[in-house]
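Participant: Chains A and B are the protein sequences, given in the same order. Going by the working numbering, the first residue of the first sequence is number 1, and it counts up by one from there. Going by the working numbering, the first residue of the second sequence is number 1001, and it counts up by one from there.
Incorrect hints may appear among the rest.
What the hints assert, rightly or not - Derived pair list, reagent style SDA-like, types lysine to any residue, alpha-carbon separation capped at 25 Å:
1. K203(A) <-> V1017(B)
2. K52(A) <-> A1016(B)
3. K203(A) <-> K1048(B)
4. K1048(B) <-> A1160(B)
5. K1080(B) <-> T220(A)
6. K1007(B) <-> L193(A)
7. K1007(B) <-> F165(A)
8. K203(A) <-> K1111(B)
9. K1111(B) <-> G183(A)
10. K1126(B) <-> L193(A)
11. K1007(B) <-> W244(A)
12. K1161(B) <-> K1104(B)
13. K1052(B) <-> R1177(B)
14. K203(A) <-> G1051(B)
Claimed, not checked - Computed spacing ranges between beta-carbons, pair by pair:
15. A177(A) <-> P1030(B): 34 to 44 Å
16. T220(A) <-> A1102(B): 45 to 55 Å
17. Q1193(B) <-> Q59(A): 41 to 51 Å
18. D1143(B) <-> P16(A): 51 to 61 Å
19. R1185(B) <-> Q59(A): 51 to 61 Å
20. Q1193(B) <-> Q179(A): 32 to 42 Å
21. V188(A) <-> G1018(B): 51 to 61 Å
22. D1077(B) <-> Q137(A): 16 to 26 Å
Hint data in this document are derived by calculation from the structure and do not stem from the laboratory. Ideal Cβ positions, reconstructed from N, Cα and C, are used throughout, including at glycine.
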Amino acid sequence: MTKLTLAEFRRVWSLPTIILGALIVLMGWSIAILPALLVPETPPEAQAAPLKAAMIVYQVENGLLLLVTLFFAAGIVGYDTKSGWLRTLLSRPLTRQTYLAVKIIVVSVSIILVLVIASMIPLPVIAIWGKQKLEFQATEFAAVSVGMVGQCLTYVAICTLLSCFLPGFFNVLFFLAWQIASGLIDFVLNRYLWDSRSAYFLKEILFPTRFTEGIESVMTHNNVVPDLLWGVGLMAMYFALSFWAINGIQVDKTSE
Amino acid sequence: MTQRSHKSTIVLAALAVGAIGAGLVLDLLPASNGIHWLTLPEALTRAKESGKPVFLDVSASWCRPCKKMDQTVLSEDSIKSLLESAFVVARFNIDGAGVTEADKRHLDVEKLPSFVIFTAEGLEWKRSTGYMEARNFSSWIRDSEGAFVLSWPSLPEALAKAGERKLPVMVVWVPRRSLLEPTYRLLAGESMQQLLASSVVPTVVVAADSSQEPALRKLRGTGKTFGSDERSLVFLSPEGAELRRLRLSGMLGFDGERLLDSVRAVVQSIE
């Protein structure tokens, strides 16, 4: 499994990926650094509230999460199936589950790496050159880190599931449509089904965002345990569906 | 060669069921904030005795913004003491036992959480929806715009008072609760308040409020149609006969000064 993981890393991190990944990181640095440097200087007596490191990390990672997830995770199984790579791998003593686990690990680590570089490297820059004081709170920082990793893994699970059924580009389209639908569903629920418990919970299951809501719970000193449980549960559910779906892929007729 | 196994699926599915189940149980557990909540009927009865307005919290056991309000705003000492000293506090749980669609329609709630303040007479003063931070909630509670309505009687009591004082009743007729606050703002000016205090006995009727139906039926018995689809100021004799009506349409619906002139003209014509 280790050899396969390393091989998969080398496959994923090709030169185009490195270049595009670098561009995404630069985008993240702009989101983090520019507001901190461009904000007008406040006089000392104004006692402006300090910038929170956790909020900066959250804003960058939340802003880039969808883009980075689509970039790395869309079609992760579909492409391998179409190109015949999956067929080649499965001709060796390798289970489908091991293959899928390796894909998920590589994609998740890649996404987290890009997000961490994009969000955390600007912090010392802001601390030194920013016009406002930068405040670091360990609890909030940990909450943001755990929450964003959890949300990232949930999106990876959903993309993995979709890619077991849909070919490459349609994954991207479907995932984007799913995100748009999430906003529309919110509107419909608030407007027409505001008192429906089952609609509310169905929305939670189909459009999971409890990890990011958990971050908010920590920031507002609320109980985060229900958010964590829901987040872990829904992530496990989508991964379970992915591991079930991988069993149904026909490799013998799909390669060219 | 195909190597299939369902072990991973089963383990992950079990984790999913366990975690979601536990999360669901925790979500449905009631949040505690130490406030002693009455039901709305109990609160309205107590409000009449004490003269205090009623603060109503409309929520649901599964509503997370409601829980957030409970945990972060309503449990704050300053907010709790403000609510308990200045109001009779009530809670309406929309998925409580025996709650019907008619109950929800009566309250005209469209979002959770909703907060409604009623006068001691049971007239709605103002409402707000959605989660509010403690500072905004406190400002909203303390905002006294439209507080003159706190002293207005209900329709039957207004008719009785009008008989005693030999004044007409001015019914502020509103088709929907959401139109109450803008209407109060129109009537909030000092000159308007002085005119109303000396010339009429004011009251409010919300068309959607079924609790006012008995009083309205009596008035309809006088032979005049009462309601309309737009806000109106309806002037009645103490016997309930309609004397004049001002529809708050066009500029009258927005311009307090113009409305003041119109009300003054109507009052003078009735005298």
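Participant: Does each hint hold? Answer for all of them.
Facilitator: Here is how each hint holds up against the structure:
Restraint check for K203(A) and V1017(B): the C-alpha separation of about 17 Å stays at or below 25 Å, so the hint holds. Taken as a hint, the K52(A) and A1016(B) pair is broken in the structure, with Cα atoms around 34 Å apart against an allowance of 25 Å. Among the hinted pairs, K203(A) with K1048(B) is inconsistent with the structure: their alpha-carbon atoms are about 42 Å apart, more than 25 Å. Proposed proximity of K1048(B) and A1160(B) is supported: the alpha carbons are some 17 Å apart, at most 25 Å.
A distance of roughly 18 Å separates the Cα atoms of K1080(B) and T220(A); the hinted pair therefore holds under the 25 Å criterion. Of the pairs offered as hints, the one joining K1007(B) and L193(A) is violated, with about 38 Å between alpha carbons and a cut-off of 25 Å exceeded. For the hint pairing K1007(B) with F165(A), the CA-to-CA distance comes to about 21 Å; that is within 25 Å, so the pair holds. Of the supplied pair hints, the one linking K203(A) and K1111(B) holds, its CA atoms being roughly 16 Å apart against a limit of 25 Å.
Proximity of K1111(B) to G183(A) is assessed by CA-CA distance (about 17 Å); at most 25 Å being required, the pair is judged to hold. About 23 Å separates the Cα atoms of K1126(B) and L193(A), which keeps this hinted pair within 25 Å; it holds. Restraint check for K1007(B) and W244(A): satisfied, since their Cα atoms lie roughly 9 Å apart, inside the 25 Å limit. Proximity of K1161(B) to K1104(B) is assessed by CA-CA distance (about 32 Å); at most 25 Å being required, the pair is judged violated.
A distance of roughly 21 Å separates the Cα atoms of K1052(B) and R1177(B); the hinted pair therefore holds under the 25 Å criterion. Taken as a hint, the K203(A) and G1051(B) pair is broken in the structure, with Cα atoms around 43 Å apart against an allowance of 25 Å. A177(A) and P1030(B) have their C-beta atoms about 37 Å apart, which keeps the hinted 34 to 44 Å range intact. Judged by the Cβ atoms, the range 45 to 55 Å given for T220(A) and A1102(B) is violated: they are separated by roughly 35 Å.
For Q1193(B) and Q59(A), the Cβ-Cβ distance of about 48 Å falls inside the hinted range of 41 to 51 Å, so the restraint holds. Hint check: D1143(B) to P16(A), Cβ distance near 58 Å, so the stated range 51 to 61 Å holds. Our hint of 51 to 61 Å for R1185(B) and Q59(A) is violated, since their Cβ atoms are close to 37 Å apart. Hint check: Q1193(B) to Q179(A), Cβ distance near 52 Å, so the stated range 32 to 42 Å is violated.
Taken as a hint, the range 51 to 61 Å is violated for the pair V188(A) and G1018(B), whose Cβ atoms sit roughly 30 Å apart. As the Cβ distance of D1077(B) to Q137(A) is approximately 24 Å, the hint placing it in 16 to 26 Å holds.
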